[in-house]
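First to last, the sequence lines map onto chains F, D, L and C. Just so we're aligned, residue 1051 is where the first sequence starts under the numbering used here, counting upward by one. Just so we're aligned, residue 1051 is where the second sequence starts under the numbering used here, counting upward by one. Just so we're aligned, residue 1051 is where the third sequence starts under the numbering used here, counting upward by one. Just so we're aligned, residue 1051 is where the fourth sequence starts under the numbering used here, counting upward by one.
Just so you know, these hints were derived from the structure itself, not from any lab. Do not take every clue at face value.
Where chains are identical, the list cannot tell them apart; a pair therefore holds if satisfied intra-copy or between any two copies.
Stated by the list, open to error - Once the Cα atoms are required to be at most 27 angstroms apart in a straight line, the calculated DSS-like pairs of lysine-lysine come out as:
| id | residue 1 | residue 2 |
| --- | --- | --- |
| 1 | K1280 | K1332 |
| 2 | K1056 | K1077 |
| 3 | K1280 | K1175 |
| 4 | K1100 | K1332 |
| 5 | K1175 | K1370 |
| 6 | K1175 | K1369 |
| 7 | K1361 | K1077 |
| 8 | K1129 | K1220 |
| 9 | K1280 | K1100 |
| 10 | K1370 | K1280 |
| 11 | K1077 | K1163 |
| 12 | K1100 | K1369 |
| 13 | K1356 | K1175 |
| 14 | K1386 | K1073 |
| 15 | K1369 | K1163 |
| 16 | K1175 | K1332 |
| 17 | K1332 | K1240 |
| 18 | K1318 | K1279 |
| 19 | K1370 | K1129 |
| 20 | K1220 | K1280 |
| 21 | K1370 | K1163 |
| 22 | K1279 | K1129 |
| 23 | K1318 | K1104 |
Small disclaimer: the values here were computed from a predicted structure and weren't measured.
4 protein chains.
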Amino acid sequence: MNKSTKIEFASDYQCGCHEEIMKLMLKTNLENTTGYGEDCYSEEAKALIKKECKNEDVDVYFLIGGTQSNAIFLKQALKPHQGVLCARTGHINCHEAGAIEASGHKVLPLACKGDGKITASQVEKAWIEHFTDDNQIHIVQPAGVYISQTTENGAVYSLKELTELSQVCKNRNLFLYVDGARLGYALASKGNDVTLADLCRLTDAFYIGGTKCGALIGEAMVIVNPEFKKDFPYIVKQQGGLLAKGRLIGLQFKVLFTDNLYIDICRKADEMGNKIALSLKKFGYELYCDSISNQQFVVFDNEVLKKLSEKYLFAFWEKKDETHTVMRICTSWSTKEEDINSLIEDLRINSMV
Amino acid sequence: MNKSTKIEFASDYQCGCHEEIMKLMLKTNLENTTGYGEDCYSEEAKALIKKECKNEDVDVYFLIGGTQSNAIFLKQALKPHQGVLCARTGHINCHEAGAIEASGHKVLPLACKGDGKITASQVEKAWIEHFTDDNQIHIVQPAGVYISQTTENGAVYSLKELTELSQVCKNRNLFLYVDGARLGYALASKGNDVTLADLCRLTDAFYIGGTKCGALIGEAMVIVNPEFKKDFPYIVKQQGGLLAKGRLIGLQFKVLFTDNLYIDICRKADEMGNKIALSLKKFGYELYCDSISNQQFVVFDNEVLKKLSEKYLFAFWEKKDETHTVMRICTSWSTKEEDINSLIEDLRINSMV
Amino acid sequence: MNKSTKIEFASDYQCGCHEEIMKLMLKTNLENTTGYGEDCYSEEAKALIKKECKNEDVDVYFLIGGTQSNAIFLKQALKPHQGVLCARTGHINCHEAGAIEASGHKVLPLACKGDGKITASQVEKAWIEHFTDDNQIHIVQPAGVYISQTTENGAVYSLKELTELSQVCKNRNLFLYVDGARLGYALASKGNDVTLADLCRLTDAFYIGGTKCGALIGEAMVIVNPEFKKDFPYIVKQQGGLLAKGRLIGLQFKVLFTDNLYIDICRKADEMGNKIALSLKKFGYELYCDSISNQQFVVFDNEVLKKLSEKYLFAFWEKKDETHTVMRICTSWSTKEEDINSLIEDLRINSMV
Amino acid sequence: MNKSTKIEFASDYQCGCHEEIMKLMLKTNLENTTGYGEDCYSEEAKALIKKECKNEDVDVYFLIGGTQSNAIFLKQALKPHQGVLCARTGHINCHEAGAIEASGHKVLPLACKGDGKITASQVEKAWIEHFTDDNQIHIVQPAGVYISQTTENGAVYSLKELTELSQVCKNRNLFLYVDGARLGYALASKGNDVTLADLCRLTDAFYIGGTKCGALIGEAMVIVNPEFKKDFPYIVKQQGGLLAKGRLIGLQFKVLFTDNLYIDICRKADEMGNKIALSLKKFGYELYCDSISNQQFVVFDNEVLKKLSEKYLFAFWEKKDETHTVMRICTSWSTKEEDINSLIEDLRINSMV
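Model the full assembly from the supplied sequences, consistent with the hints where possible.
So, in structure tokens, the structure goes:
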């Protein structure tokens, strides 16, 4: 039986969906609506998202999951000889089973620090290296930049960083695409200065993550650059991303974008993440990297980890050395205050100082 | 506003899910379970399906939709130089936006009659044509056969037909794969003599359709041939078919395969389909093809169609000539008896005889 | 030992290259030139081809063979959701081992008669069918038209036919691409009214076949539409089509396009083809289709075929029935007058009348 | 005019082919032979190569170039979810315009030193990392190893190194594939202890480079592992690698593998390479890496480079810093002794000591 009996900090997708979503699903279950995402709930959700983006011109599509969203966007954005720049630790480079290569394109990795970010100057350098090479036709052409917000390691790009990335992309005719699997946690994080409207201004496309931010399933792709709008629905269908009962996702985003629910539930998770981070520092634990969002990465002494693991579920991140392991502690909309307090107490008991 | 105000016969995916499914989703919503389909509900559902298949050795995977299921199976079953034989009207040839070609493979169409079936002798002939050709390396190699049950046109392969197809495939080292988007309607149809256990005996893989048979989303892929088991999960992930909250689909199949629900709801839809077919014949309408399942195809006089369309929603199939149109009339688990009766009465009023 | 001891009519690629080509290869063998097709001979050949095209703006690339040329052009011309219309008997549909599908695209076959041609109205109809379909995103989008000149069956599109095809393509925003593996035989054929300049005016791209028209290896791709120029060399390299010693092909086209050699040698072959056709008709043989070029297709009584095959090599085309076989009789620049006379005499001896 | 007027050290593919090859091409030009590589010259060449390999069971195919050879082998050796391990500087990772990704597969780069080699322990580590990862289905599966002999930087794997690589590959069920674009220069290099027979014993497949070792065009793929034999010709055709006049390449390998010509001409080039290396060291030039073959990499002071470049052609490799540039000096079968002596004298004149 793998219903979890331990206290859950392994991920932000172990639970069902927020109760407001479940309520509307239940209420509307027996209604007949047009299939393939042309239903009223999807339409309402699109309108709500456009409003939050302060942009009526974007196209919004409801897709199934992160890997597929990335694959669909990049498949249509890249020509056969082009690749996409991304952090070496980027999800498309490491954790999508080669989905981008499966559509024929090379992921062009850039070095990154523990925070998982890449910089405008790295992008500029990569562009120059390619386009000043006499043998450029022997080398995959960089056509765009992929970043994730929050990054794989819970960091959040600032408005300044994003603006710089956007600028170099515009200068060099590269697209800028944001994987927002955990965008809610970024938007809600303390100190964040980036809005959805900023993303519309600075990027060519991004997706607003649902699955990891309170929905049962689904992501909302926002396409800003008109060049990427026309053919998009064909590619969605071709990649198996068009749901017959498309309202399943539309309806959820309608709920999430009503009364600020999306931000509210993510903020709560971020606050709990930060509370854990504070305690970790206070009790002398080594943080693997700085994070202001719902994912915290900590280097555990294996003995301590063993003790804590009797009661809590964390996610394995990587082995540091023979006696230490990096683990992810993850909160979500469904994390309970009492569980946080319990964890903090146990961190105190096993204090490293 | 596209919530339908007409009586719905356009498709079998306009409504939500069966209420028993909704009940369990609601009840389990706040439970924490392991992600990526390794939860207890998915495990239970797999066990129930294996039991119904009378086969403990098959592998069962829960996937998102039909196009993706077909693409995933064929991507791993075909080598780069191979293609798949299918009816010219087959879904993969006509309605999946080139998903099979997108993974590098040619669909090799065979002629078919109005029922959408292909025969063992056609497969044998195609095999011989390829493998006796001196220039065979210039031609795509047929590696397997795709059929759908029910077919695109609502027909059901008999046990004899399936056995013959299976035999030629085994003889010629071709795989046999069944697209079961509407498998429930086939299994429940009057006169059907094929069981899930037969499919396990006669095919290499098939999927049991959920989306069009009472679920909110999801299909259950059953892999029989061990050769196709090992790598399957990698391809699922690569194609974006691995749900973080995989229990969403597992849970639904658990309900559908409890107390015979899957067959019961499809039988009801089939019976209503047959009732419509009977009335159509009785009142002199021309049937486009014979169907014993939940989809009926009728050639309407455009004037009559216009009148009926004020009250009912059908699906456009094709234009027959300037004054006639082929329409699909579709029933499902959610079709109401009273709506059937109303339709029949209106068919009578506009009687063709 | 498979050096042929019979008289060769099986194909137009059994011999080496025209002696003028061999001469220049020998003479220049020890010169050092820049690699990857940036040598002086390739430059000269491009200039000669542009001159013959009466068009300085086209781009010319030297590629290795027909299958690769088609694959490279279509790979860059088609977006992921698009396919290419072609005759059901077209080379890309039947004889390239799925090379187009391997790059992710569906070949969209159109019915054709024995001559292997398709018409403007067929293209128009296919376009309308797609773009007026409510479910068009479920269906591969036609983006262009592939034809071959001569066709697979030796027929030649007239200027009128090409102009009509070009017109519908321009109207519907489809590209028109011509596979010219045997373009020389078309240009040189009696009654032909299409020039290279016409092809530049009417198509988006075409290639001038070398391998089957006197060269040792190589085809010259002419790209007219600026949209397809920029990225072309990247795709050539990616598909393995960029020769380190690129001059090998450039040099050959320099010779072929000097002093009208290309047309002259093809004309001779056409004339011999027509001489054979005349004799076939005169002596009562059934022609499989009409051809005015170097390939003739004849339905042989198997007994007669057996006798002729003791002395001559033809190419098997298809089995007609139990007692008849369709064979191709092919001439080329290297066919000898005496061999033609010998064949005609033997056709006479085995006369069908 | 880009016929080179300077003394040529830029590459080993600036000239035509060895005169013995040209002789046989000329002599056989007007013979008729079977097309598509089924001619007598290709058969003879295969027999000669098998003999040199001391292995009658290998399959030999004549292909067009290096990028295509790699793409064809890896396309058929890799399943859709698999990738190939290679040195970060490997040709398939850096200089083939994404040809491997174009067929759907990720290149999995391993760190390497200046010599461009990877080690058995790196391969072992990569295998363990993948197969002990709980989330391995989210990650591209390593299925084989690509190395080049000589490496990109002119280094030669020793028998010991190759044996270790082979052992770990066999243990872990990985294939070992060798890109032999410059295999002749490796086999002929001073101190080399690896034979073609060793390669047959230790690898699954490798190709013997022709283009850069005296041929006009062409590489000979040797397939050892029976698993990779059956489908190979289909993939060759699909990738556009099947020449109608296939004898063009077969004939050249027949000459190269007669009377030890292949090794003899490469040995001469290696010796000249080593002579240059010796002088570079003697005159105080900084070598970029150690090479015992025909490619030498040297860090030039830009002023010196400018002077030398008035008389000699080298290949740009990379910019080291503002005042230094790494250049490749390349010899081949066609390099003249007098040109080597001239270069050495000029290196002396511009001596760094």
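Under a CA distance limit of 27 angstroms, which applies to K1356 and K1175: within one copy, between copies, both, or neither?
Between copies only: 26 angstroms across, 45 angstroms inside.
My question is about K1077 and K1163: at a cut-off of 27 angstroms on alpha-carbon distance, are they close within one copy, between copies, both, or neither?
For K1077 and K1163, the Cα distance exceeds 27 angstroms both inside one copy (47 angstroms) and across copies (44 angstroms).
When no copy is named, should K1129 and K1220 be tagged within, between, both, or neither for a Cα gap of at most 27 angstroms?
both (18 angstroms within a copy, 23 angstroms between copies)
I want to check one pair: K1369 and K1163. Are their C-alpha atoms no more than 27 angstroms apart within a copy, between two copies, both, or neither?
both (18 angstroms within a copy, 25 angstroms between copies)
Give the relationship of K1220 and K1280 under a CA distance limit of 27 angstroms: within one copy only, between copies only, both, or neither.
Classified as both: same-chain Cα gap 21 angstroms, cross-chain 20 angstroms, threshold 27 angstroms.
Identical-chain pair category, K1332 with K1240, by Cα at 27 angstroms
Only inside one copy: K1332 and K1240 sit 19 angstroms apart there, 63 angstroms across copies, limit 27 angstroms.
Intra/inter-copy verdict for K1361 and K1077 if alpha-carbon distance must be at most 27 angstroms:
between (37 angstroms within a copy, 25 angstroms between copies)
How would you label the pair K1100, K1369 (within, between, both, or neither) given a Cα cut-off of 27 angstroms?
neither (43 angstroms within a copy, 38 angstroms between copies)
27 angstroms Cα threshold - placement of K1332 relative to K1280
Neither. Shortest intra-copy (53 angstroms) and inter-copy (47 angstroms) distances fail the 27 angstroms Cα cut-off.
Measure nothing new, just compare the shortest in-copy and cross-copy C-alpha distances for K1279 and K1129 to 27 angstroms and report within, between, both or neither.
both (15 angstroms within a copy, 13 angstroms between copies)
Tell me, please, which holds for K1386 and K1073 at an alpha-carbon limit of 27 angstroms: within, between, both or neither?
both (21 angstroms within a copy, 24 angstroms between copies)
Homo-oligomer pair classification [K1332, K1175; C-alpha up to 27 angstroms]
neither (40 angstroms within a copy, 37 angstroms between copies)
When each numbered hint is compared with the structure, violations occur for hints 1, 4, 10, 11, 12, 16, 18, 19.
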